Structure formats: structure tokens, C-alpha cells
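Q: Sequence:
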Amino acid sequence: MEHKICIKSMHPAALAAAMEQLGQPPYRAQQIFRWLSLGVSSFEEMTNISKDLRRELDQRFFITKPGIAACQKSKHDGTVKYLFSLEDGNCIETVLMKYEHGYSICLSTQAGCKMGCVFCASYEKGATRNLTPAEIYDQVLWAQKDQNVRVSNIVLMGTGEPLDNYENVVTFLRIVSHPQGLNIGMRHISLSTCGLVPKIEELGRLKLQLTLSVSLHAPTNAIRDRLMPVNRSYPLEKLIPACRRYFEQTGRRISFEYAMIRHVNDTPQCAAALAQLLSGMHSHVNLIPLNHVEGSPLEPSTREDLRAFQNALIKKGITTTVRRSLGGDIDASCGQLRKKAAARKENAE
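In this text, residue positions in the sequence shown follow this note's numbering: the first is 22, and each later residue adds one.
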């Protein structure tokens, strides 16, 4: 397929241009885009398109189709975790979560992650590649088909750093939100970043109405340097002003993710420093009970310390919630299922 083009990675405008080159009317691109959004895996399934055009499309383009390498479903809350296999042998993780308001899905944007956050199981030095827009989109399409549900909310918070795959992620966002496709509005999409400041600035200029979630996890550079190597390039003195500018550009409140780590970032002093850091900002702090990662010395904060931390922030006027834990019985943390599958493969070899 090296000579073929990935048709599912094409925005409808690009698809329309390609169809025009083939001498096809504009509505043909709309038909094809709609079929792709239904999750077809071959051009033969596009029954309202002539056989001649289907044959020509098959000669010029290809349609991605992931395989389900593993699937775990929580007995407690119905959360489903997928390990999808890609055509090059890489595997990526996707988590489908059920809430009262509908289904949310957590998507990966890279195969592996090079950011090196010490509390995350996704880090794989030298083993990262960007996912195409189609490979990101497929996670939504195939989870929907497998569970026979409709996804209403998306979080780009799985394996990988979305802003490290900026162009492909933006193309995906425009595809998944398109009215002729799944039509998932930007206000129902959250994008998480560890803090790549130049890309935050670039994203802000697009003025998309998605929610930007910044993985903060520490109120000082000293602590954040230990937890997140990215802070050495983009310390808080650069990150926080960029977040303030993002709000000014988009009018969208920033969400700050904060994994609660016992005796590391959960002290009263840390709560006071965090409140001061975010003072006057239109923001929301999402406290995350730390998921255990095998081999890590880090431990989650106690329930008492977590509540005390939350109350301290609220008293300072910082909107703060505690994330609901889902899928605790199925390796729901980023990277865990992928690492287990890789370990089994190594042992088998």
C-alpha cells in the first residue's frame, strides 16, 4: 500500500479535491466520507457508488482497519479497554467509558510515548511513532462498532502526547467533528498535554472550542522536574502564562490534571503553592488518584490527604474535583495493557 493514499485521513475538503481530480461531482466526496464515518473496511461496502469508481478508488486509496489484539471489560462499571493492533505491528490502547450522560472514549495519539513522566506506564524511549488521523479515528469507529454504542465525548489522553503529533491530531479533530461524519462537537472533546508551550500557543490561535487539559501534577519546578522531564524545557514560568493566553484567545477554561502522589505533591504546602500559582486564572483542577504502575515506587495519596488537598484549594477559590476512577480491575492506566502484551510477546520469543 506504499503507493496508495490513506483515504480516511483526508478531511472532506481534501477528499472533495481528490474526487474533482477524478472527474467526480462534489457530492461523491460526501458519500465516501459518510461511508468512512460508518466504519466500512472496504470500498465494496459503498453500495451507492458505481463499481467502476469503487475499483478506481481501490487502486488509488486504502482504508485502515485495526485488529482487536486484546479486550478487557470491567465487571464493576462496564469500562472497556482495547488493545488495537495496527498494520505495522504496533499496538495502541483505547478506553471506552460509560457515564450517565453517555459514552466517552479515551484515545491514543502515538504508539508509545517519549515524554518520560515517571508516574506513567506509556513511556517507551525510542519506540514512538505518530498515529495518522485515520488511526486515531479508527479507535472511535471500532469501539462503537464492537460495543454497538455511540460515543458522545472524546478525551485525547491515552498513550502519547497529542501536541507532539500536532498536525495529525488537528486533522483528526476536524474530521471527527465534521457535520457529515460523527459530528462530535469540539465542546465535547478534551485534549491533554504535558505542556509543550509552542504547540499550546499554536493551538490557541486556531480558537477551537475544545477543552485543553494540562498535565500539571506539581506546583513548583523542583517537584515537576522530578516527575516530568518536559518541565526542564518548558518550566512553569513559561507554561502558566501560555495557559493564560490560551484562555484569552479561546475563552475556554483550562483544566489542570493533578495526579495525587503520596509524600511528593500532596502536602498542605503544595496545596497552598498550587492555589497561588493558579490565582486569578479561569481554570479547574482535576485531582486524580494515582494509578499503580508495576515497578514504580510512587504510591497514591490517602483518601484523607486527597480530600484535605481538595478542600484547601476550594477555600482559596480554586474550582476542584476528584476524578472518578473507572476500570480499576482491567489495567485501565495508560500503557499497562500494552506493556503486558509486549512482555508476553518477548517471553514467547
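Keep in mind that the hints were calculated from the coordinates and are not lab data. Please note that the accuracy of each hint is not assured.
Here are the simulated BS3-like pairs of lysine-lysine, each with C-alpha atoms no more than 30 angstroms apart in a straight line [stated by the list, open to error]:
(1) K96 / K86
(2) K25 / K96
(3) K25 / K119
(4) K86 / K135
(5) K94 / K119
(6) K119 / K166
(7) K166 / K259
Across the chosen pairs, the derived CB separations fall in these ranges [to be verified]:
(8) S317 / H122: 30 to 40 angstroms
(9) R81 / E320: 46 to 56 angstroms
(10) Q230 / S62: 45 to 55 angstroms
(11) Q230 / K25: 28 to 38 angstroms
(12) A293 / E66: 53 to 63 angstroms
(13) N169 / R344: 35 to 45 angstroms
(14) P256 / C27: 34 to 44 angstroms
(15) N242 / R81: 45 to 55 angstroms
(16) E269 / H122: 25 to 35 angstroms
(17) G44 / S317: 22 to 32 angstroms
(18) S254 / G44: 22 to 32 angstroms
(19) A293 / E320: 34 to 44 angstroms
All figures in this text were calculated on a predicted structure; none of them were measured in a lab. Even glycine gets a Cβ: it sits at the ideal position worked out from N, Cα and C.
Q: Hints first: check each against the structure and report whether it holds.
A: Here is what the structure says about each hint:
1. K96 / K86: holds (28 angstroms)
2. K25 / K96: The given pair, whose Cα atoms are some 42 angstroms apart, is violated under the 30 angstroms limit.
3. K25 / K119: violated (37 angstroms)
4. K86 / K135: Holds: K86 and K135 sit about 26 angstroms apart, inside 30 angstroms.
5. K94 / K119: holds (11 angstroms)
6. K119 / K166: Measuring from Cα to Cα gives roughly 15 angstroms; hence the hint holds.
7. K166 / K259: Judged against 30 angstroms, a Cα distance of about 42 angstroms means the pair is violated.
8. S317 / H122: 30 to 40 angstroms: Given a distance of about 33 angstroms, which is inside 30 to 40 angstroms, the answer is holds.
9. R81 / E320: 46 to 56 angstroms: The hint (46 to 56 angstroms, Cβ to Cβ) holds, given that R81 and E320 are roughly 54 angstroms apart.
10. Q230 / S62: 45 to 55 angstroms: For Q230 and S62 the Cβ distance comes to about 32 angstroms; the hint is violated.
11. Q230 / K25: 28 to 38 angstroms: Since the Cβ atoms of Q230 and K25 sit about 34 angstroms apart, the hinted range of 28 to 38 angstroms holds.
12. A293 / E66: 53 to 63 angstroms: holds (59 angstroms)
13. N169 / R344: 35 to 45 angstroms: violated (27 angstroms)
14. P256 / C27: 34 to 44 angstroms: Distance hint for P256, C27 holds at roughly 38 angstroms.
15. N242 / R81: 45 to 55 angstroms: holds (51 angstroms)
16. E269 / H122: 25 to 35 angstroms: holds (29 angstroms)
17. G44 / S317: 22 to 32 angstroms: This hint is violated: roughly 58 angstroms between Cβ atoms.
18. S254 / G44: 22 to 32 angstroms: Since S254 and G44 have Cβ atoms about 49 angstroms apart, the given range 22 to 32 angstroms is violated.
19. A293 / E320: 34 to 44 angstroms: violated (22 angstroms)
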